[in-house]
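Undergrad: Got chain A sorted already, so can you dock chain B onto it with the hints?
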Amino acid sequence: MDTFGALAQGLMVALQPMNLVFAFFGVMLGTAVGVLPGIGPALTVALLLPITFKLDPAGSLIMFAGIYYGGMYGGSTASILLNTPGESSSIVTALEGNKMARAGRGGPALATAAIGSFVAGTIATIGLALIAPTVVDIAISFGPEDYFALMILAFTTVSAAFGSSVTRGLTSLFIGLSLGLVGIDLQSGQARVSFGVPDLLDGVEVTTLAVALFAIGETLSVAAAGARAEEVIEPVRGSVFMNKEDWKRSWWPWIRGTFLGFPIGAMPAGGAEIPTFLSYALEKRLCKKPDEFGNGAIEGVAGPEAANNAAAAGVLVPLLTLGLPTSATAAIMLAGFQQYGMNPGPLLFATNPDLVWGLIASLFIANIMLLILNLPLVGMWVKLLAIPRPWLYGGILVFATLGTLGANPSLVELGMLLIFGLLGYVLRRYDYPIAPVVVGLILGPLAEQQLRRALAISVGDPLVLFQSPVALTLYTLAALALFGPLLFYLITGRKAPVGGDED
Amino acid sequence: MSDPTPLSSGSKPDKARFVIALALAVLAAVIGWEAWRLAQIPSYSAVGPAAFPTLIAIGLGLLAIANAVEAMKGVEEERPHDEIRPIFWVLAGLVGQIVLLPFAGFSIATGWLFAATAKGFGRGPIWAHFLAGAAICFVIYLIFAKGLQLSLPAGPIERLI
Chain A
0 MDTFGALAQG
10 LMVALQPMNL
20 VFAFFGVMLG
30 TAVGVLPGIG
40 PALTVALLLP
50 ITFKLDPAGS
60 LIMFAGIYYG
70 GMYGGSTASI
80 LLNTPGESSS
90 IVTALEGNKM
100 ARAGRGGPAL
110 ATAAIGSFVA
120 GTIATIGLAL
130 IAPTVVDIAI
140 SFGPEDYFAL
150 MILAFTTVSA
160 AFGSSVTRGL
170 TSLFIGLSLG
180 LVGIDLQSGQ
190 ARVSFGVPDL
200 LDGVEVTTLA
210 VALFAIGETL
220 SVAAAGARAE
230 EVIEPVRGSV
240 FMNKEDWKRS
250 WWPWIRGTFL
260 GFPIGAMPAG
270 GAEIPTFLSY
280 ALEKRLCKKP
290 DEFGNGAIEG
300 VAGPEAANNA
310 AAAGVLVPLL
320 TLGLPTSATA
330 AIMLAGFQQY
340 GMNPGPLLFA
350 TNPDLVWGLI
360 ASLFIANIML
370 LILNLPLVGM
380 WVKLLAIPRP
390 WLYGGILVFA
400 TLGTLGANPS
410 LVELGMLLIF
420 GLLGYVLRRY
430 DYPIAPVVVG
440 LILGPLAEQQ
450 LRRALAISVG
460 DPLVLFQSPV
470 ALTLYTLAAL
480 ALFGPLLFYL
490 ITGRKAPVGG
500 DED
Chain B
0 MSDPTPLSSG
10 SKPDKARFVI
20 ALALAVLAAV
30 IGWEAWRLAQ
40 IPSYSAVGPA
50 AFPTLIAIGL
60 GLLAIANAVE
70 AMKGVEEERP
80 HDEIRPIFWV
90 LAGLVGQIVL
100 LPFAGFSIAT
110 GWLFAATAKG
120 FGRGPIWAHF
130 LAGAAICFVI
140 YLIFAKGLQL
150 SLPAGPIERL
160 I
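Protein chains in written order, with numbering that gives the first Met the number 0: chain A, 0 to 502; chain B, 0 to 160.
Source of the hints: derived by calculation from the structure; they are not laboratory data.
Yeah, the Cβ is synthetic: ideal placement off N, Cα and C, and Gly gets one too.
Warning: the hint list may mix true and false statements.
Stated by the list, open to error - Pairs of lysine to aspartate or glutamate, DMTMM-like flavour, derived with a Cα cap of 20 Å:
hint	chain 1	residue 1	chain 2	residue 2
1	A	Lys247	A	Asp201
2	B	Lys11	A	Asp430
3	B	Lys14	A	Asp430
4	B	Lys145	B	Glu157
To be verified - Covered stretches of chain A (chain B as the covering partner; in silico rule of three or more C-beta atoms under 8 Å from a C-beta of chain B):
hint	segment
5	49–55
6	144–155
7	180–194
8	387–394
9	452–459
Chain A on its own, in the form it takes in the complex:
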């Protein structure tokens, strides 16, 4: 089936009234959690997993994608008005956006972020629809050793892209991989790292780990910061509409941001932060009024916001075509697929075309909804920022424990939530990234499965891992991701830019 036929079919699925409701609910929720500090799309999807277990798979996944896109829109609102990025990929937006808000130009800043997100999201989703079938065609010929190499690449890029040093990223990843070992080994039936505790035989729940690391860990570190984390909300003054000059200055940064964000997001290179940094640097260099940078240049909001949304769509390419999550939200969406007994990957395009293409088509609809929700209704979202923090974080913990109890009503599960929450606090406190832990837990068992499959075919000869050209290419890329920052430092004498990620 050609791409456009498939997409048209998908549009029919996405336009079903029930799925429209799911998409709307998703983007509303996504925007809300994006605006609110302390909760992001990864946590929200994780909390919804147990609740959506009994719902229709297509609808739930459309809702999750809506939350993911919505979180990207909402994150920009928080960074512009609060100077506290709601999402890590909005850090750069806060630089210029908050300066604009202080100068009374908060309206145009929000508008360029929202319209830029729409332009980027739409172009990048077209990119996703065009590229996905090609990647599927290539991926269908991958053997288990290639998949194993692909996962090694995902491990290294996720560890190298997040956090302040590669050692820290890898440390987080290996904590996640260790947690992935817990439970019964499916091939031999042996219990591993469970110490005779029956509750551990099923392994560590993704929901529990994600909720603990994101919700409990974040709450503990914000609480510990005490009065040091006081914030000032900038009111939106003036018109939310951009004038002619704003449009002229935003247009190219949107396009450039999109073409930076989408490929980097799609390349199993981990997350949406790097393209936002690159876009900011690029716009700063190209801007005709460079002295405005640092004092509220609209290009510095338009470019990174577009890059961030384009990367979010890009991340869906490896997720849907290869089953390879490269951000925490994507990892939890993978868990979402798994709860319905589906595995994203080339086969999903053949077995569930309606679902995959419905999901892709719903992204266009989500984008339109988000533009409408975000521009005229921005005042409503800003009110969310006024919720007193004691109530906000109290509520976050109530829902965190509710989600965990919903997945598995056991006290051991709550105890694990507490322990992983403390782990999340320690990781944050000492600057270790969170996302690789979640990715390690989800991808670790899959990597082991592919490794053992490859070695079973070769009757135990480990050389099989290095014989396929695809695998060798992927290992080269993985090595580059690990040692790239070091090379960058040796060549330029400057530290490579890295993002600190949560979602």
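TA: Below, chain B alone, put in the same frame as chain A:
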């Protein structure tokens, strides 16, 4: 693999990261021992259940060394002081919820969690937040346990309906 900034290269070793390195070494030992135990069990496949844990244990061991080396380079950046009291309150909320849940039910236990967290963030009085929290949690219980059929622990209040 991180680069020491000129300011900190002469400072004293980072104690916290030494503790983290030690914890990683312990984890490596636990998983290595587990891998050794699994390797003793006869397996019929080319690669048994011990292979992957062995790799992870080796990785953890290397990372313990890497973290210790980075800790030797000294504190990279002065960390702001963290307050203990709010952490204590949030933890008290979570532990209290686990203790209360089996006999007091979802609403009371989670109401306590809400009140203790709010207290940790500096908002009292605790009894008012407890009452409000328990009332809200009862509504949540109705929605999720009755509407969405999640099995949440019931206590005296929940059994009234």
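Undergrad: Please name the hints from earlier in the document that this structure breaks, with their numbers sorted from lowest to highest.
TA: Checked against the structure, the hints that fail are numbers 1 and 6, while the rest are satisfied.
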